[in-house]
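Protein sequences appear in the order of chains A and B.
Numbering that gives the first Met the number 0 applies: residue 0 is where the first sequence begins, and numbers increase by one.
Numbering that gives the first Met the number 0 applies: residue 0 is where the second sequence begins, and numbers increase by one.
Hint data in this document are derived by calculation from the structure and do not stem from the laboratory.
It cannot be assumed that every hint is accurate.
In the DSS-like style, the derived pairs of lysine-lysine whose C-alpha atoms are separated by at most 25 Å in a straight line are [stated by the list, open to error]:
(1) A:Lys20 - B:Lys752
(2) A:Lys46 - B:Lys752
(3) B:Lys669 - A:Lys20
(4) B:Lys585 - A:Lys46
(5) B:Lys556 - A:Lys20
(6) B:Lys669 - B:Lys585
(7) A:Lys46 - B:Lys605
Not the full set, but computed from the structure, chain B residues with beta-carbon under 8 Å of chain A [claimed, not checked]:
(8) His519
(9) Leu530
(10) Trp533
(11) Pro534
(12) Tyr537
(13) Ile554
On the chain A side, residues computed to face chain B include the following (Cβ under 7 Å) [as the list claims (entries may be wrong)]:
(14) Arg17
(15) His56
(16) Ala79
Even for Gly, the Cβ is constructed at its ideal location relative to N, Cα and C.
Single-letter residue listing:
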Amino acid sequence: MNWVDIGALDDIPQRGARVVKTAMGCVAVFRTRDDQVFATSDRCPHKGGPLSEGIVHGHKVTCPLHNWVFSLETGEAEGADEGQISTYSARVQDGRVYLDATELMKRSAA
Amino acid sequence: MRPRLVVIGAGMASGRALEHLFDAAPDAYDVTLFGSEPRGNYNRIMLSPVLSGEKTYEEIVTHDAEWYTEHGVTCRFGETVTRIDRDRKIVVTAKGETSYDKLIVATGSAPFIIPVPGKDLPGVMAYRDLDDVHKMLDAAEKPNPKAVVIGGGLLGLEAAAGLQMRGMKVTVLHLMGHLMERQLDPAAGYLLRKELEGRGIRVHCEAATKAILGEEKVEAVLLEDGTVYDADIVVMAAGIRPETRIATDAELEVERGIVVNDQMVTSDPDILAFGECVQHEGIVYGLVAPLYEMAKVAAKTLQGEDAAYRGSQTSTKLKVTGVDLFSAGDFADGDDRDEIVFRDPSRGVYKRLVLKENRLIGAVMYGDTQDGSWFFGLQKDGTDVAEMRDTLIFGPAFQGGASVDPMAAVAALPDEAEICGCNGVCKGQIVQAIQDGATDLGAMRAVTKASGSCGTCTGLVEQVLAVTLGDDFVLPTAQPVCGCTDLTHEDVRRLIKSQELKSMPAVMQELDWKTSCGCHVCRPALNFYLLADWPAEYRDDPQSRFVNERNHANIQKDGTYSVVPRMWGGLTNPRELRAIADAADKYNVPTVKVTGGQRIDLLGVKKEDLPRMWADLNAAGLVSGHAYSKGLRTVKTCVGKEHCRFGTQDSTGLGVKLEKRLWGSWTPHKVKLAVSGCPRNCAEATCKDVGIVCVDSGYEVSVGGAAGMDLKETEALAKVTSEQEAIDVTVAFVQLFRENAKYLDRPYKWLAKVGLDWVKARVVDDLAERQMLIERFDLSQSIYQKDPWAERANADAQHAMAPLANLTLEAAE
């Protein structure tokens, strides 16, 4: 594990998201209403919609392009749709958000 | 000269009888109608939804003054008949005498006021007419209002539930051991009590009222057992009595009610009576179905035709939202009776059938009343149920090996099965009406009245339509907003207003949302409803907006955005064009396009460039065109009389004025306008949400056009002479749309639901209402008419739109 501080929790709106740039494209970092953070790939497997721009509800996000809904916890598409987004470890400590850089590097290697 | 028919009582019974009469013989009589209430006829059984805020008075009107006028009836509303002189064949009011050849007494019933000390104190009221409802609503507006309802019957409980929904602390006092004891057995009464108490309504059974206490007005109610309940109002709902005074004075035969024969004729052959004021075969009815059956017979009698009323069997439903309750017939215990009982405590379902000699004589259902009308049919027909006894309680779906499919159950119903209890419409009549061309619910209501009264059989009527029409019938969309709630958009809008819910958590809490923070379907809708209804109190929630509205630009398929500056009425100038060209260069815009609404679209902009681009365009005086919003988009124009040889008015100028007035307003869906300078209609105004066509004599305002998913021409709303009036009508229309439509319905869809006449009445005919709509619109604009670009073209926004962090280096290590 190689936790990297990527910013303050308050820089992400509640029920919203920000992106973090990586060598292999953007990772979306979500903050839910209960102040948990989740990191996933930012691309919807359907047509590549930016998930960070979707509406966040519960621990789910709805893609802004065609309303596919994904679980932020498992990355699985919900309902009738089939698909999977990658999820990454994220945590909050003392008001700061951390992602695991090792894991993100594996992503770029894969 | 035509014979003169005088009608005393402008209620549901006489309204229905006149309807039948005019349908069959429009010119048979010269009709004069007297009604004590200062208004036309409304559906009295729907007062409870008005009280609770789920319906408005306008929605329950069945015959307004216009209807009576159209049918040539002389209306004397607010004028009470004090005497009938049978010898001279006249009726007497304070204003004089009116003679008749035939007379109808349809005086209905009066609430029973229990004779206790204090019953005349201000604040003690009955629950009978619209004035009573208004008094209750006034009381509900005071701080911490408390109400005591005396009577735990149908009426009392509807009043209690309505008052509770209006925010009052309600106590129900009931003399008997359980609620609605005439319709329910103790077990169903218990479930009902539990449900009401769960909503915070206090229920006190075996409560004998001793006195109503208070000095100048009601303060409390004292019971025989010494209990005292504080009260700002006391609603007496302890029963009704036939209103027979005028008949008694005229020496007609009166017992408990005015005595009538099978033809609805009283002891005087020229006087008919029907409804709640009469007694037929020793029975007095207090429900709507028998009253309608009587009205039908009375209309025949008036035409000199043979018809006979043979009495009614009645069933009851309680009109309290969320309470499913059905009761019909006799369910008392007895040695000669068997009963079948089904209980499912976890679902709160209870059903009990009472059988006598293998025939159903009574049914009580709580929690699941779907099969009520089927049981009622068995009961009315005296069907021998011996064969299906084992599975009887599971309803029609389980009989004869049929599947559990409700459609199959409806298909299996015989033609005589009653579908609409209020109006006595059976399946055969509905099927006949379908074959005659009534293929949707609205037409069905117009032709047969089925489901047009209390509405609880709407689902059943739709099922009959679906079964009969097969694939040609599409079930109408009275669907819940989304999976987070069982309420429809319309329900939610009404409840937000009536319960004064002013924040999203309040809505979700009070309306029992099933999810913790909604979903992408309900949140944008709620955000709009709250913002439209409470512009001053509600704070917009960006996280409940679709990405376009959050980022003030249209997201494209590749995740870039398109930017559209506003060009008022389609006008621009070289300076603006230069600024747009410069921005296109500076931010590497690959595509520049003119839109269908006469604006310029800059496509392919990166999100992080948006704030700086807005700042640049702002500097040249350009503001956001809201090309992304559920709000005003564009006002398309032609050049009008300024340049065009055919133009009759300054259509471009009017377009600019309209756009400046309406921009920045959020609406249920996008709104597009156009103004054409002459009927050649170069701005294509007649396929817009609001289109104005200028003509020599003024302005033709039409609404409800569409050129998207559907193609539809506008319908004329108003023709006005001044530009100001054209603007006023447009603004009022947009505000009415904002206040009433379902989120994501364009005006044409909304108009199809409410009807153009309803809109005209408010926006065109009623000037006071128009003015109020405009004022409410302007209030909202004082808060929301802001250029989002100016607000967000700053360093904070730039920061928020940029990536939170850049890990490209670390990942590359």
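We went through each hint and held it up to the structure:
1. A:Lys20 - B:Lys752: Violated, because 49 Å separates the two Cα atoms, which is more than 25 Å.
2. A:Lys46 - B:Lys752: This hinted pair is violated, its Cα atoms lying about 36 Å apart.
3. B:Lys669 - A:Lys20: Distance of about 34 Å is beyond 25 Å: violated.
4. B:Lys585 - A:Lys46: 29 Å, violated
5. B:Lys556 - A:Lys20: Measuring from Cα to Cα gives roughly 20 Å; hence the hint holds.
6. B:Lys669 - B:Lys585: 30 Å, violated
7. A:Lys46 - B:Lys605: With a Cα-Cα distance of about 18 Å, the restraint between Lys46 of chain A and Lys605 of chain B holds, given a limit of 25 Å.
8. His519: Since chain A brings a Cβ to about 4 Å from His519 of chain B, closer than 8 Å, the hint holds.
9. Leu530: At 16 Å from the nearest chain A Cβ, Leu530 of chain B fails the 8 Å test, so the hint is violated.
10. Trp533: For Trp533 of chain B, the interface hint is violated, since the closest Cβ of chain A sits about 21 Å away, which is over 8 Å.
11. Pro534: Check failed: Cβ of Pro534 of chain B comes no nearer than 22 Å to chain A, outside 8 Å.
12. Tyr537: 17 Å, violated
13. Ile554: 6 Å, holds
14. Arg17: 4 Å, holds
15. His56: 5 Å, holds
16. Ala79: Violated. Min distance 13 Å.
The structure shown violates the earlier hints numbered 1, 2, 3, 4, 6, 9, 10, 11, 12 and 16.
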